[in-house]
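As given, the protein sequences belong to chains A and B, one line each in that order. Everything in the first sequence is counted per the numbering used here, starting at 3 for the first residue and increasing by one. Everything in the second sequence is counted per the numbering used here, starting at 3 for the first residue and increasing by one.
These are calculated hints, taken from the structure and not from any lab test. Small disclaimer: the values here were computed from a predicted structure and weren't measured. Wrong hints could be hidden among the right ones.
Said to hold, decoys possible - Distance windows between CB atoms, simulated:
#, chain 1, residue 1, chain 2, residue 2, range
1, A, E244, B, L99, 16 to 24 Å
2, A, A103, B, F224, 51 to 59 Å
3, B, A186, A, R263, 58 to 66 Å
4, B, Q255, A, M262, 34 to 42 Å
5, B, A160, A, N220, 44 to 52 Å
6, A, T58, B, F224, 39 to 47 Å
Stated by the list, open to error - Derived list of chain A stretches under chain B, where covered just means 3 residues or more per stretch with a C-beta under 8 Å from a C-beta of chain B:
#, segment
7, 89–96
8, 126–132
To be verified - Partial selection, computed: residues in chain A whose CB lies under 10 Å from chain B:
#, residue
9, R53
10, R62
11, L116
12, D123
13, E137
14, L145
15, D197
16, Q202
A virtual CB, placed ideally from N, CA and C, is assigned to each residue, including glycine.
Protein chains: 2
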Amino acid sequence: MSRKTTATAAKSRTGKGARQPAADAAKERSQPQFAPIRTKRVFEEICEQVRREMATGSLRPGDKLPPERELAAKLGVSRAAVREALRSLEIAGVVGLQKGARGGAFILKGDPDLVTQSIRDMFHLGRISLDNLTEARTLVMQLAIQLACERIRPTTLAALERNVDQLSMLPATGKASERFATSAEFYRLISQATDNTVLQMIVEALTEIVLQQVVQANIEFFPNLVAHRRRLVEYIASDRVEDAKREMTEHLQRLRRHLMRAERTAAESKSTRTPAEATSR
Amino acid sequence: MSRKTTATAAKSRTGKGARQPAADAAKERSQPQFAPIRTKRVFEEICEQVRREMATGSLRPGDKLPPERELAAKLGVSRAAVREALRSLEIAGVVGLQKGARGGAFILKGDPDLVTQSIRDMFHLGRISLDNLTEARTLVMQLAIQLACERIRPTTLAALERNVDQLSMLPATGKASERFATSAEFYRLISQATDNTVLQMIVEALTEIVLQQVVQANIEFFPNLVAHRRRLVEYIASDRVEDAKREMTEHLQRLRRHLMRAERTAAESKSTRTPAEATSR
DNA sequence: GTTTTTATAATGGACAGACCATTGATGCAT
DNA sequence: ATGCATCAATGGTCTGTCCATTATAAAAAC
Chain A
3 MSRKTTATAA KSRTGKGARQ PAADAAKERS QPQFAPIRTK RVFEEICEQV RREMATGSLR
63 PGDKLPPERE LAAKLGVSRA AVREALRSLE IAGVVGLQKG ARGGAFILKG DPDLVTQSIR
123 DMFHLGRISL DNLTEARTLV MQLAIQLACE RIRPTTLAAL ERNVDQLSML PATGKASERF
183 ATSAEFYRLI SQATDNTVLQ MIVEALTEIV LQQVVQANIE FFPNLVAHRR RLVEYIASDR
243 VEDAKREMTE HLQRLRRHLM RAERTAAESK STRTPAEATS R
Chain B
3 MSRKTTATAA KSRTGKGARQ PAADAAKERS QPQFAPIRTK RVFEEICEQV RREMATGSLR
63 PGDKLPPERE LAAKLGVSRA AVREALRSLE IAGVVGLQKG ARGGAFILKG DPDLVTQSIR
123 DMFHLGRISL DNLTEARTLV MQLAIQLACE RIRPTTLAAL ERNVDQLSML PATGKASERF
183 ATSAEFYRLI SQATDNTVLQ MIVEALTEIV LQQVVQANIE FFPNLVAHRR RLVEYIASDR
243 VEDAKREMTE HLQRLRRHLM RAERTAAESK STRTPAEATS R
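Can you build the whole structure from these sequences, using the hints too?
Below you can see the structure in the form of structure tokens.
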């Protein structure tokens with residue numbers, strides 16, 4: 003806890019930086035270090051406590067945290083602070099909140115989408131370049147293909163073939179969103195074949211972000227996309243690792259060039275922008 | 003906005019599921035779909051608005067959002083709701099909050115640590131196995147080594163050599179945390195040499211989590227670790243890609259076996275555990 | 001005139017107390 | 001048994017208040 007714990011004495015404990023009686027002053031004097039200017043906020047400390055119990059195994063998926071009110075009382079903080087902490091953990095995919103009687107905060111197993119989300123954010127905010135993103139995707143897919151060749155199972159292989167069939171019948175209607183979904187599924191199946199959840203998540207993240215760009219850039223449909231995918235699946239099926247890697251890499255590099263060109267032209271067209279200080283509409 | 007916007011009419015707008023006058027009822031009748039049972043919470047809608055403006059480029063790093071009070075008024079919601087939204091965005095690394103006059107919520111460039119954080123959470127919560135984690139690390143490092151061989155610059159190479167020197171003088175004192183830091187730095191330098199931020203983040207994430215496990219498992223110090231690293235750096239310096247990849251892979255696989263063995267013995271010792279319903283201490 | 005000090009206002013951080021909506025359980029009536 | 005009404009637990013939200021921190025402006029000191 004490290005806080006007062008007296009629960010009723012929840013007054014005047016916000017800043018803790020100045021005007022403190024004896025105990026705290028002594029505690030601060032015992033650390034002549036200068037480093038941590040950063041005053042931790044209440045909700046952060048709560049989050050850390052939960053994460054600690056998670057790492058040591060005291061808290062496991064399915065466990066329930068005490069209700070907000072109770073937790074607030076136990077920690078000697080306001081319910082709002084507890085809520086902000088729970089909000090953080092929820093956003094982090096660590097807990098899920100359920101309303102109603104018998105509701106509460108339950109420990110989850112984490113959320114793979116978060117990896118995608120955070121990488122996407124960094125991409126949108128300019129910390130990650132399209133060039134780096136597509137390159138990384140090309141490289142990671144080489145790994146995925148390699149493992150997939152070794153480990154793919156008949157059912158997944160069949161699903162891949164079905165997926166390509168589905169794609170082959172799609173261009174007639176020509177919906178971009180459907181192509182998106184089908185392609186995403188294709189890569190997801192390959193990543194599943196690797197039998198490695200970490201690789202799956204990485205592939206998923208990179209694929210989704212790049213594909214989103216493909217849709218936005220309105221890239222013309224590759225006429226030989228179906229043929230490419232068929233070859234790829236065939237190579238995987240017959241365990242021709244090097245052929246499969248080459249097929250995949252060539253395709254992704256071609257897509258990469260397309261995207262980079264699209265980005266260049268897009269940058270040229272809208273060279274100006276509204277100045278912002280956004281009040282959100 | 004999609005909400006009332008009248009700002010003063012912030013009453014009775016919590017549930018929105020029942021007891022709505024005319025306009026909303028008509029809007030709902032126009033969508034005979036059944037899907038979205040999930041009633042979105044206020045703060046989620048606020049987050050989405052911000053993210054939308056981010057993706058379209060209306061909000062860019064450095065821009066400032068309106069102060070909490072103003073934002074609450076504009077959106078016709080309470081300040082607490084706005085705070086929860088900002089909290090979410092802050093946790094997501096999208097905004098940073100600054101106190102004081104001229105403070106506020108500023109758009110950031112995202113936080114690479116989030117990738118590490120989310121993967122770590124999933125690992126701790128059992129969604130990712132140590133086996134998958136170490137395998138992925140082995141594979142990804144192959145990519146990193148490959149790119150590093152091609153792209154490393156003299157300064158980074160020198161830093162790598164210095165890092166190994168530092169490591170060679172460390173075992174005398176024998177602090178585990180220092181070994182951790184030095185090793186983490188070693189891998190960070192290699193990943194930096196790839197000149198690919200995405201790969202950097204992935205390597206950083208996997209390395210940190212695995213290294214943390216190494217510390218906890220109290221693995222005995224590899225007596226030939228320094229020799230291994232020297233060889234590796236030498237291979238990178240002389241662009242012997244295959245040798246470097248082999249050197250790296252062999253080391254990581256050996257470490258992997260050690261960790262897996264440690265995990266097995268740890269599981270055997272503590273087969274029981276406290277039943278939880280954790281009240282956090 | 002310049003520097004230092006002191007107020008002031010803006011803004012995030014935290015708290016208290018309240019009300020509503022949802023949900024599961026419990027008991028009553030059919 | 002089945003269905004319905006009631007109730008209590010719990011998250012979601014609102015309102016209002018106060019505190020701590022910070023930059024800027026005003027005032028005082030030099």
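Outcome of the hint check:
no.	hint	in the structure
1	A:E244 - B:L99: 16 to 24 Å	51 Å, violated
2	A:A103 - B:F224: 51 to 59 Å	55 Å, holds
3	B:A186 - A:R263: 58 to 66 Å	38 Å, violated
4	B:Q255 - A:M262: 34 to 42 Å	36 Å, holds
5	B:A160 - A:N220: 44 to 52 Å	46 Å, holds
6	A:T58 - B:F224: 39 to 47 Å	27 Å, violated
7	89–96	holds (count 6)
8	126–132	holds (count 6)
9	R53	8 Å, holds
10	R62	7 Å, holds
11	L116	4 Å, holds
12	D123	5 Å, holds
13	E137	6 Å, holds
14	L145	5 Å, holds
15	D197	8 Å, holds
16	Q202	9 Å, holds
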